[in-house]
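Chains as they are written, first to last, in the working numbering: chain C, 15 to 317; chain H, 197 to 615.
It is possible that some hints are incorrect.
As the list claims (entries may be wrong) - To be clear about the criterion: a stretch of chain H counts as covered by chain C if any three or more of its residues have a C-beta under 8 Å from a C-beta of chain C, and this derived list gives those stretches:
no., region
1, 211–223
2, 251–257
3, 279–292
4, 407–413
Rather than coming from a laboratory, the hints here were simulated on the basis of the structure. All figures in this text were calculated on a predicted structure; none of them were measured in a lab. Glycine included, every Cβ here is placed at the ideal spot set by N, Cα and C.
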Amino acid sequence: MSEIISRMKDLPSAHLLGAGTPMCSGCGGLEALHQIYDVLGENTVFVNAAGCMTLLSVYPFTPFRGSWLYTAMASAPAGAQGVRDALDLLIQQGRLPPEEDLQVVVLTGDGSAYGMGMSATSGAMDRGLDFIYICYDNEGYGNTGQQYSSATPHGAATATSGGTGGFPGYKKDLFSIWAAHQPSYVATVIASEPLDLAKKIAKARDMSGPRMIIALSPCPTGWDYDPRESVAIGKLAVKTGVWPLKEYENGTVTHTRIPRERPAVEEYLKTQGRFSHLFRPQRNEALLTEIQQRVDRYWAQAQ
Amino acid sequence: MEPILLTGNAAAAWGARLAGVDYVPAFPITPQTEIIETLGAWLDSGAMPGRMVTLESEHSMLTAAGAAAATGVRVFSATSSQGLLHAMEMLYTVAGWRAPFVLVNVSRGLSAPITLEADHNDVLAARDSGFLQIHCTDCQEVVDSVLLAYRLAEDTAVRLPVMVNLDGFYLSFTREPVRLPDLAAAREFLPPFDPGSMRFAASAPQSQAVAVLGGSPYSYFRYETHLAARNAISVYQRIAAEFESRFGRERGAVEAYRCDDADIVFFMIGSFASKAREAVDRLREAGRRVGLLRPRLLRPYPAEIIASALLGVRGVAVVDQNISMGQGGVLHTELAAALYGRGSAPAILTSFIGGLGGREIAPQEFFEMAEVTFRAVDEGRSPPPRLLYTETELRELRKLQSVALAEREQTSPAGRATP
Ligand SMILES: Cc1ncc(C[n+]2csc(CCOP(=O)(O)OP(=O)(O)O)c2C)c(N)n1
Ligand code: SF4
Ligand SMILES: [Mg+2]
Chain C
15 MSEIISRMKD LPSAHLLGAG TPMCSGCGGL EALHQIYDVL GENTVFVNAA
65 GCMTLLSVYP FTPFRGSWLY TAMASAPAGA QGVRDALDLL IQQGRLPPEE
115 DLQVVVLTGD GSAYGMGMSA TSGAMDRGLD FIYICYDNEG YGNTGQQYSS
165 ATPHGAATAT SGGTGGFPGY KKDLFSIWAA HQPSYVATVI ASEPLDLAKK
215 IAKARDMSGP RMIIALSPCP TGWDYDPRES VAIGKLAVKT GVWPLKEYEN
265 GTVTHTRIPR ERPAVEEYLK TQGRFSHLFR PQRNEALLTE IQQRVDRYWA
315 QAQ
Chain H
197 MEPILLTGNA AAAWGARLAG VDYVPAFPIT PQTEIIETLG AWLDSGAMPG
247 RMVTLESEHS MLTAAGAAAA TGVRVFSATS SQGLLHAMEM LYTVAGWRAP
297 FVLVNVSRGL SAPITLEADH NDVLAARDSG FLQIHCTDCQ EVVDSVLLAY
347 RLAEDTAVRL PVMVNLDGFY LSFTREPVRL PDLAAAREFL PPFDPGSMRF
397 AASAPQSQAV AVLGGSPYSY FRYETHLAAR NAISVYQRIA AEFESRFGRE
447 RGAVEAYRCD DADIVFFMIG SFASKAREAV DRLREAGRRV GLLRPRLLRP
497 YPAEIIASAL LGVRGVAVVD QNISMGQGGV LHTELAAALY GRGSAPAILT
547 SFIGGLGGRE IAPQEFFEMA EVTFRAVDEG RSPPPRLLYT ETELRELRKL
597 QSVALAEREQ TSPAGRATP
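Bound-form chain C, shown alone:
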């Protein structure tokens, strides 16, 4: 499983993840997981925290060909620690042949990654745990009805930020927080850019140590748009510069895509009901300008 991925036609077409899950149609997180699973393969054990993806494996069915362990909202990385250490011990003691080894993959939402699970994640990185962390970031507590989390972008309306200005806080910079731990690898991905995603996941797969992935996950239910728009919205997130595609390795951050001519961020915002209050009943010029300026400032510093 270490084939080189450099062009679209190199993308695996295995479709390992089964169909018929209870996820919403157009779920950007599920689309990312499909692609990630095809690259990682079935010799994996997914260690999951509470969130939408918890409902992938509902007794007695699972879409995974490999293994799965649901833990709790706060401690999936600690579950990964236990599984990894146990596999190492079993192999060391000759009780498990090395070919029976598994890639240990944490799978959580943003609520867990940016918030409740952050100290467990930090601890796992401190300990140099050999694992992959996949955070599907739908920018809110999706499973409980899309209340705001610390991944919610400024101005977004959520079930708990329905006022005129939407969410008053700012999306936390998890990429930098993770990178500050100096793990083996950190990357942002999105399902609407499958080649970029597959390259990064393949790279992560072939490394060891903590490998940390954040997948922005357009969420028709939480972001309020037609499920068929998921890919288009994902592409706009990248084009407008809202979701920078980048990676961290050996102390250096590299952007894997630099959008030269960025369309206005409002092209992205106006596709989603959660931002409709910025446009109707009248344009919230101040807030739109602030959001645009923040994106501009990011890219000015990035280059």
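With chain C's structure known, arrange chain H with the ligands on it following the hints.
Chain H with the ligands alone, transformed into the frame defined by chain C:
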């Protein structure tokens, strides 16, 4: 083997070492730290094979412990008090996974007020979690119970995590003579862990701990766990009998001390039960027919064994080193529930709360509890629960309060005028 002097904590560590544990997820908390430091030193020096990892919290520690057990290795961990409560979500979770491993809890009173010394509110907060519970009264029992706990946890009719409880300070830091089983004998009693199908491997994909939708599958798994815990009574009795025949120490689910012809008995758990044993001897010398009944196994609750041990007993003085706010003693409530409706049960249960946060229970207090219970038997009526606290104690506390107040008034010129 000749006895050596060991603290309760060292005895717990020896239990883990003799059990041949593979993996020790850890997090420090007083009064448990000596356990993980001891194991850490043995692992570092190579005296003991295996791996220890210090997590960043007890919540994570329990998650890692359950996950490693679910992957197929033998796991040991230890905590206390705030740590146990911090991990509470995971206690229920890993028990639901049916992950067999052993967790030592060194009992310590719960915050607030924050304190270091022992009572049983911590371990009793976990009583409904699915963890089985073995309670120790001396350091010898600690090492023995850890070995018994692995046999119990890993038994295919049980498959549940087991907590072994010892009291902070009174056992954790107290040296007592302990006979350590030799390694070969311990291995014979406790062979290596066979995880069966509970493991992760590439050729045998598993989904563990998956969600259920609806009350029916949920109830199914919850009942299975309960029934497994019920199985643990007879399994425990069987392995305790085997333990006794190998090592010569009686470790049954319930200790009955001088209960045979007793009119009344003390009923309690933990290290203070040895104070009760003393009191029983003194009362016997004075011609009072008193005994002590002490469940070692508190989960599952050995109701039948307790009930038959109480046949002919007329009154039970339940001494609770815990307090369920607004209700009273947990042991008292549970004993009443276990005995109610049995024609043969003692007519009188008296309830005493004492020993909170390590407060001493004096011999005179045991004598008094016995007298109260004898009187209740004579009168045919159980008195209201009593909170053990002496007038002297109250006076001393009031004195301290007034000293502190006077200090404050002297050092702050504005005195009481300061808002
Ligand atoms: C300790 C705890 N608190 C709260 C919950 C309720 N809960 C379940 S899923 C969820 C949201 C998780 O958000 P996120 O990690 O972003 O995943 P998403 O639901 O968006 O997929 C919450 C709050 C829980 N399961 N456990
Ligand atoms: S709420 Fe959003 S993240 Fe959750 S399943 Fe639906 S689309 Fe996916
Ligand atoms: Mg989310």
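Okay, the hints, checked on the actual structure:
1. 211–223: Held - the region 211–223 of chain H has 3 residues with a Cβ nearer than 8 Å to chain C, which meets the minimum of three.
2. 251–257: That given contact holds, which follows from 6 residues of the region 251–257 of chain H lying within Cβ reach (below 8 Å) of chain C.
3. 279–292: With 3 residues in contact (Cβ-Cβ under 8 Å with chain C), the coverage given for the region 279–292 of chain H holds.
4. 407–413: Coverage by chain C holds here, the residue count being 4 at a Cβ distance below 8 Å.
Of the hints listed earlier, there is not a single one the structure fails to meet.
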